[in-house]
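J.: Below, each chain spelled out in residue letters.
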Amino acid sequence: MFSKQIPPLNSFFLLLLALWASAFFSGCTPQEASFRPNELHVASLSQDSTDQQVSELAKTASNHVEELFGTPDSPKWPSEIADIVDMVKVKRSAGPVGRDKSKVEYGLFRKHCVQCHGTTGDGQGPAAALLAPYPRDFRRGSFKFKSTPIGKKPTHSDLVRTLEKGLPGTGMPAFGTLNHSVEFAEDIDALAHYVRYLSVRGEVERRVISAIVNQENAAEQAKIIASKVAESWAMADSFSVKPPRLITTWVPEDQTAAIERGKAIFLSELTACSKCHGKLGDGNGTSQDYDEWTKDWTIRAGIDPNKKAEWKPMKRFGALKPVLDSARNLTLGAFRGGETREDVYLRIVLGIEGSPMPAIARKENDNPGITEEGIRDLVEYVYSLSNPVTSGAAPSNEKGAEHEQSN
Amino acid sequence: MNSPTNPRHALVYLAAALVTVLTFPLIWLGGLVTTHDAGMAVPDWPGTFGYNLFLYPISAWVYGPFDLFVEHGHRLLASVVGLFAIVLCVIAYRNESRGWLVKVCFLFLGAIIAQGVLGGVRVLLDARTIAMIHGCSGPLVFALGSFIAMASSKRWRLASPKTGSNGLGRVAVMLLVVSIGQLFVGAHLRHSLPTWRPLFFMSLVHTHLLMATLILLAVLYIAVLVRNSANSDNRELRTPANALLVIVILQILLGFATWVANYATPWVELTPWLAKYTVQGKGFWESMIVTGHQATGSLLIVCSLWLACRAYRRVPVEQSAEHSLASLSNESESTARKSFRPESVSVGVE
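Taken in order, these protein sequences are the chains called R and X.
In this text, residue positions in the first sequence follow the working numbering: the first is 213, and each later residue adds one.
In this text, residue positions in the second sequence follow the working numbering: the first is 10, and each later residue adds one.
One thing to keep in mind: the hints can contain errors.
As the list claims (entries may be wrong) - Incomplete in silico selection of chain X near chain R, CB under 7 Å: (1) F210; (2) S212; (3) G264; (4) Y272; (5) A284.
What the hints assert, rightly or not - The list that follows gives simulated cross-link-like pairs (lysine-lysine, DSS-like), each with its CA atoms no further than 25 Å apart: (6) K520(R) <-> K533(R); (7) K291(X) <-> K301(R); (8) K315(R) <-> K285(X); (9) K285(X) <-> K487(R); (10) K291(X) <-> K303(R); (11) K507(R) <-> K520(R); (12) K491(R) <-> K285(X); (13) K271(R) <-> K491(R).
Derived by calculation from the structure, the hints in this document are not laboratory data.
Just so you know, these numbers come straight off a predicted model, no measurement behind them.
We treat Cβ as the ideally placed atom computed from N, Cα and C, and that holds for glycine.
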């Protein structure tokens, strides 16, 4: 039928046929989703184990956790532990993407988050290796931008805030732009509940793995561990710090003086800010370090993240190439935890969990540290790095002013 | 009878062009379905929430959730394209003198129906892999429709197969094949499965970039070749070659923008703007950019096919000039129309 005079046509039809054949003979029916066992944590705790032993141990821990928390398609919550998640919302976020016959949308996590964070919330989604920084692994129970001190869980509002506003300069999107849709506002709330669920599930799994490695009875331990982890989340609100109202409209002389005092604190040995952020605040400090997610399977497991020969074997368990957690260039004004003075205050006072950024040492009684006034001066200095003060005029800070008004 | 200016042939061309033009927004809408992960926004098929597809209330469609709007709109437009494909087949059957082209028209209708069924199976099985195949074959069906428009055009009838060496034709075919390959890789990236390991996805991205480089080089090579004034034989290839150049440049820009819209830039510290840029989840412009990248990819395939067709079928320069004059004199074709008998027409390309 087709002559040799139109060669593209033949190959075109063949391709079309091949597509159809592949559609019906390659097993297209979906399989039930499952959480990926945490082999990397097992491997970092028991490096002498063979691949098969690592796989089996991780699978055993995963099975214990599945009994408590279910699967990605059918999540559940143990009745014995603190009721910190709304399971109706968790179930809306879980499972495959789609609407039911009453038009309620399900599978929110797979729709919006799974590409980077992975089904398990392990930060191992398909796109993870290409992102800088890597997507958050929820399983440590550590979150960077929150209103609670290091070592404490974030509040529900902290998670909602990150979902709404995103993290500038990273792959984490802001979903707040869709807030005009009532449905989507509910979606964000549901996603925050699911992140809690994944984080609790993942942290319990890590601790169960430790119990198994320490030859404890994992089956008995699992519920106790789950109860403790859930309790730590339930306590989060009580540790939440509310930032004070900070001055946004300065008398120029006062502001200049505050910035000078703040600069002295920034450069001081006591705070050591300039060691990482550089003397000019441009991120060119001498100190370089990895984040806790990387240290977890490298330094703490006796692996040097700077030596490829040492960390490369861990790739088969899902490790991504270790990347330095560089200090931020403060002159760019891109503060991931929020761009108001109050947000900067929280970052200085609380630190950034999981990163090399510590909480500032406060002056208490005879302990050396920075006073409340000193912290406010430091905030003003950091803020001035990206909002230079012009002579005789206060720096523009529309958003900061709006924030203060809204408070 | 087989005159290039026969109005009955022009009718086939018009019908093919119309259905092709309608297929492009269908591809765009299909891309939006993928961008918004709206493939399962309507859980049943072929109906919509229990309604007949065409009877689903407009207010519920237009004022409902955006993913439902996109998915139901995709289905409606696909039905319209299917309807026009039937019209094309009827027109071609009644008016087209070349039997092989009539068969291609029916093949096109079959491909449209198959696409619809594939889309339906994707919904009934809730299978993302089928969505990927549906996304791959969509642009190929679009290319098939474009091919019918090309083959029914006046130019095709004037042209004859190129004789002798045809280096440019070979490059054009290679470009077509690589562009289709690029479509497959892109579809994998767009429909990635949650179970994929990051390193596999990264290898797909690298393959996509490598193929983009190959396509760019091929298009630049073609552009240089057709601009060679010493080779007058290549002059009629300038239009598709120029179109390819524009599309490839646009596609590369859209590709970069797609990455930024999805994952921000890898060089955030370069400027305050990049450092402050926050990806907007399912934002309007972000969706348009990402979907535009996919839709432009299908244009790349069609333009490669266009160039290949022109490279393999050339209109002699003198014949083209004569035909232009003949067209200007508004030649009557009534005699030819009366004597037209489809069964008397020989089947074959020429």
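J.: All the hints need checking, so say for each whether the structure fits it.
T.: Right, here's what the structure says about each hint:
1. The beta carbon of F210(X) comes within 4 Å of a beta carbon in chain R, closer than 7 Å, and the hint placing it at the interface holds.
2. A hinted interface residue such as S212(X) counts as satisfied when its beta carbon comes closer than 7 Å to some beta carbon of chain R; here the least separation is about 10 Å, so the hint is violated.
3. The closest approach between the C-beta of G264(X) and any C-beta of chain R is roughly 14 Å, which is over the 7 Å cut-off, so the hint fails.
4. The interface hint given for Y272(X) is met, as the beta carbon of that residue sits about 4 Å from the closest beta carbon of chain R, less than 7 Å.
5. Annotation: interface hint on A284(X) holds; nearest CB of chain R at approximately 4 Å, less than 7 Å.
6. Distance restraint check for K520(R) and K533(R): the Cα-Cα separation of roughly 9 Å lies within the 25 Å cut-off, and the hinted pair is therefore satisfied.
7. Pair hint K291(X) plus K301(R) holds up; C-alpha atoms about 21 Å apart against a cutoff of 25 Å.
8. A distance of roughly 36 Å separates the Cα atoms of K315(R) and K285(X); the hinted pair therefore is violated under the 25 Å criterion.
9. For the hint linking K285(X) to K487(R), the alpha-carbon distance of about 24 Å falls within 25 Å, and the restraint holds.
10. The straight-line distance between the Cα atoms of K291(X) and K303(R) is roughly 22 Å, inside the 25 Å bound, and the hint therefore holds.
11. For the hint pairing K507(R) with K520(R), the CA-to-CA distance comes to about 14 Å; that is within 25 Å, so the pair holds.
12. Annotation: proposed proximity of K491(R) to K285(X) holds, straight-line Cα distance about 22 Å (limit 25 Å).
13. For the hint linking K271(R) to K491(R), the alpha-carbon distance of about 49 Å lies beyond 25 Å, and the restraint is violated.
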